[in-house]
Each structure stands twice: as structure tokens, then as C-alpha cells.
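Dock chain to chain to rebuild the complex, using the hints, since each chain is given by itself in its own frame.
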Amino acid sequence: GQQLNQSPQSMFIQEGEDVSMNCTSSSIFNTWLWYKQDPGEGPVLLIALYKAGELTSNGRLTAQFGITRKDSFLNISASIPSDVGIYFCAGLSNAGGTSYGKLTFGQGTILTVHP
Amino acid sequence: NAGVTQTPKFQVLKTGQSMTLQCAQDMNHNSMYWYRQDPGMGLRLIYYSASEGTTDKGEVPNGYNVSRLNKREFSLRLESAAPSQTSVYFCATLTGNYGYTFGSGTRLTVV
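One line per chain: the protein sequences are A and B, in this order.
Residue 310 in the numbering used here is what sits at position 90 of the first sequence, and the numbering runs on without skipping anything.
Residue 1023 in the numbering used here is what sits at position 100 of the second sequence, and the numbering runs on without skipping anything.
Hints are not guaranteed to be accurate.
Which bits of chain A does chain B cover? Going by a derived footprint, with three or more residues having C-beta under 8 Å, they are [unchecked claim]:
(1) 242 to 249
(2) 297 to 305
Ranges between beta-carbon positions, derived for each pair [unchecked claim]:
(3) B:Glu1002 x A:Arg280: 45 to 51 Å
(4) A:Asp258 x B:Asn988: 29 to 35 Å
(5) A:Gly260 x B:Lys980: 26 to 32 Å
(6) A:Pro335 x B:Glu996: 39 to 45 Å
Taking lysine-lysine pairs in the PhoX-like style, the calculated list, with each CA pair at most 25 Å apart, reads [to be verified]:
(7) B:Lys980 x A:Lys322
(8) A:Lys271 x A:Lys322
(9) A:Lys322 x B:Lys994
(10) A:Lys322 x A:Lys290
(11) B:Lys932 x B:Lys994
(12) B:Lys994 x B:Lys980
No wet-lab data here; the hints were simulated from the structure.
In this text, all values refer to a predicted model and were calculated from it rather than measured experimentally.
Every residue gets a Cβ at the ideal spot worked out from N, C-alpha and C, and that includes glycine.
Isolated chain B, as found in the complex (with noise of 0.2 Å):
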């Protein structure tokens, strides 16, 4: 998935911990998504940003925050974690044609 990248890979939070996602892209892209994975859901989106300095609701954003620092990242924020968020979350920039290009995903549990 080159040109998008997310860390960490992998987190174990305990309920009530708070977390920053990071997601970084060197494409030059204007627009930037985050959506979660779950099981037999497809892909939901939570939150996206149409360009540097604006960010809206996806379907699903109850629970998180974005910023989008600058053009290249867009972060996810958990201020509470809870065990309904534990999930497979991908960032997504846009590119031409509407396709999307994905980062390789944070697994992250709510224990």
C-alpha cells in the first residue's frame, strides 16, 4: 500500500484509555478518509476531510475526533475507548477517478 502510511500496527487498549491513530500520505492528495472494519459490515466510514483544514462526519463518528494537522495527515483520535471499538481501522486518500489507495490497517482491541 505505498504511499499511505499507518501506525501503529497493532494496539491493546483497556476501556477508558485514550488513543491517537496516525495516518501520513506523500501522494499530495487533497482528500483523506478513516473507516473500521468489522466482520460481515464491509467498511463504514467514520470520518473524512475534503482538504487541509476541514473535516466532517462519516456514518459512523460517534466515539472519535480527527484533526488534519496538514496535508499530508489526518489523525484519528479515541478519547474513550470502548470494547465496541476494538475493530480493523484503515486510512484512505483519493485518487484520481475516485479510486482510493489504503493504508495497511491498525488492529486495535478494547479489552
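Bound-form chain A, shown alone (with noise of 0.2 Å):
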């Protein structure tokens, strides 16, 4: 099946530093997805990217769709302690016109934020 490597797997930061993480896939993906997952609840979606090139932004998160839509990077400006928590990437394929909204996802990147 189609996979999404992400990295780094875990990031540890001083407040106020910058972020960032990036997802890459041997697949095309028509729409890119990044989500956050605080602990003991559901992902969370942050931002979600439509079309190769795109960038979009969202607060203190920007987000990138790769020309060769096969990649997508999420950066995080100025982090801050409420950061703290899991991030995955997800990818949609329309391979075949029914994907179903079946969401490929990334391993994840944990990041700890250190007042």
C-alpha cells in the first residue's frame, strides 16, 4: 500500500525556536492534510492543502503541497509550550475515483516544547 515517510520522529525545542517537519511519499497525493493530536485526544486538522505549489498558512503554521506533489512540509514559527503534542501528515489519492476520503497517514513527529 501507499506509504508516507515522515520526519524527524521527535523533535525536542526551546520556546520561541522554529519548527519544522516534512512528509514525503513515492506516490502522487491530490490533497495533503496536516493534523496535530494533543495527548489522549483525536488528531486535530491544522491545515489542509489542495493544489501542487500551494502554500497556505494558518497563525504561527505554514504549510507547503510540493511541485512533484509527492512531498508536503508543515513549519511552526515561534514555538510556544501549548505546541507540545503529535503531528501526522496524511495524503489523499484519487487513484482509481474512489478513494472514499481514505486518508494515508504519516508515523508521526512528537514534539516537546521546553519553557
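Take a look at the structure:
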């Protein structure tokens, strides 16, 4: 099946630092999404990307849909303690025309922010 | 995680026992999904339901069955639990533009 390789697996940073994480795939995706999961909760959608080359911001978060449609990155600027959590990339492929919204998820990046 | 409710939140089973994980959504969405989350492996799709009355296998369906009881409810059943099924299980519904709304999860331990 399709796989997404997400890196890094974990990050330990100081409050105020910028963060960057990325996902790559051997397959083309038509949609890329980034989710954040707080401890004990389900993932929550942060940013959705629908076009190759698209760059989208949501507050301190910026994400880009790679022009090859095989990669995406997420940047967090000026990190704060509440940014702690697990960040997942997810991709949607419309191959075959019947995706029914089935997302493929990366392995996740565990972010720790030290005050 | 407003809109998707999962029960129970925690469960411990003995090997061979059966149980059903419940999921209900009040968002009137057609598509619903069951994922399992294991450390270092992200979320993997178990089963999904594109609409009421239809279900299909995902990436890791072995050992599970599902029922789409009506538009609101999508349950996941373990007929004979195994330690390999120890995981966190998430139900989700497809919101517009491919975003998911997830439930808060069921933490299952099989001993």
C-alpha cells in the first residue's frame, strides 16, 4: 500500500524556536493534510492543501504542497508550550476514482517544547 | 472532538474475549472510518463506510468486523481479541474537503 515517510520522528526544542517537519511519498497525492494530536485526544486538522505548489498559513503554522505532489512540509514559527503534541501528515490519492476519503497517515512527529 | 462520540474510553480484555467499540456522529456525514494507532506507525485504516449500508476493508482488517447500523452509528467488533490488537482505536467522519473529525479514542489492552 501507499506509505508516507514523516521526519523527524521527534523534536525537542526551546520555546520561541521555529520548527520544521516534512513528509515524503513514492506515490502522488492529490490532497495533503496536517493534523495535531494532543495527549489523550484524537487528531485535529490544522491545514489542508489541495494544489501542487500551494502554500497555506494558519496563524504561526505554514504548510506547503510540493510541486511534485509527493511531499509536503509544515513549519511552526515561534513555538510555545501548547504546541506540544504529535503532528501527522496525511495524504489522499484519487487513484481509481473511488477514494471515499481514505487518508494515508505518516508515522507522526512528537514535538516537545521546553519553556 | 465535538460531533464524534466513542465508547468506551478504556477497556481491558483477556485474550479470546469479544467486544464492540461504539461510534456515533451527529454531523449527518455519509462516510465513517475506523483507524488504529500504534507507536511509530501512525494511524492505519481498519474499515470504512462510504455511506449507510456499505462497508469496506481498509489496510488492516484482519480480526475485526464492522456494522454501519444507520447513518449515525458505525461499530467495530473484535470477535476473539488478541494481544496484537492492543492499540488506540479512533473513529472518524469525513467533513467537507477531506478533513476528518475524530473521536477521542478507545484505549484497548488485551492481556
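### Query
Is 26 to 32 Å right for how far apart the beta carbons of A:Gly260 and B:Lys980 are?
29 Å, holds
### Task
Go check the segment 297 to 305 of chain A versus chain B for me, would you? Three or more residues, Cβ under 8 Å, otherwise it fails.
Per the Cβ count (0), the hint is violated.
### Task
Please work out if A:Lys322 and A:Lys290 have their alpha carbons no farther apart than 25 Å.
Given pair A:Lys322, A:Lys290 holds - Cα atoms ~17 Å apart, limit 25 Å.
#### Entry: Given coverage of the segment 242 to 249 of chain A by chain B, tested with a Cβ cutoff of 8 Å and a minimum of 3 residues
Violated: only 0 residues of the segment 242 to 249 of chain A have a Cβ under 8 Å from chain B.
#### Entry: 25 Å Cα cutoff - pair B:Lys994, B:Lys980
At roughly 18 Å apart (the allowed maximum being 25 Å), B:Lys980 and B:Lys994 satisfy the hint.
### Message
Tell me if the straight-line CA distance from B:Lys980 to A:Lys322 falls inside 25 Å.
### Response
11 Å, holds
### Task
Could you tell me whether the CB distance from A:Pro335 to B:Glu996 stays inside 39 to 45 Å?
Taking Cβ atoms as reference, A:Pro335 and B:Glu996 lie about 43 Å apart, which means the hint holds.
### Task
With a cut-off of 25 Å on the C-alpha distance, tell me whether A:Lys271 and A:Lys322 pass.
Holds. A:Lys271 to A:Lys322 sits at ~18 Å (cutoff 25 Å).
### Task
Given the hint that A:Lys322 pairs with B:Lys994, test it: the Cα-Cα distance must not exceed 25 Å.
18 Å, holds
### Query
Can the restraint linking B:Lys932 and B:Lys994 be considered satisfied, given a maximum Cα separation of 25 Å?
22 Å, holds
### Message
Quick check on a hinted range of 45 to 51 Å for B:Glu1002 and A:Arg280, using CB atoms only.
### Response
Since the Cβ atoms of B:Glu1002 and A:Arg280 sit about 46 Å apart, the hinted range of 45 to 51 Å holds.
### Query
Does 29 to 35 Å hold as the CB distance between A:Asp258 and B:Asn988, or does it fail?
30 Å, holds
Of the numbered hints stated above, those contradicted by the structure are hints 1 and 2, listed in ascending order.
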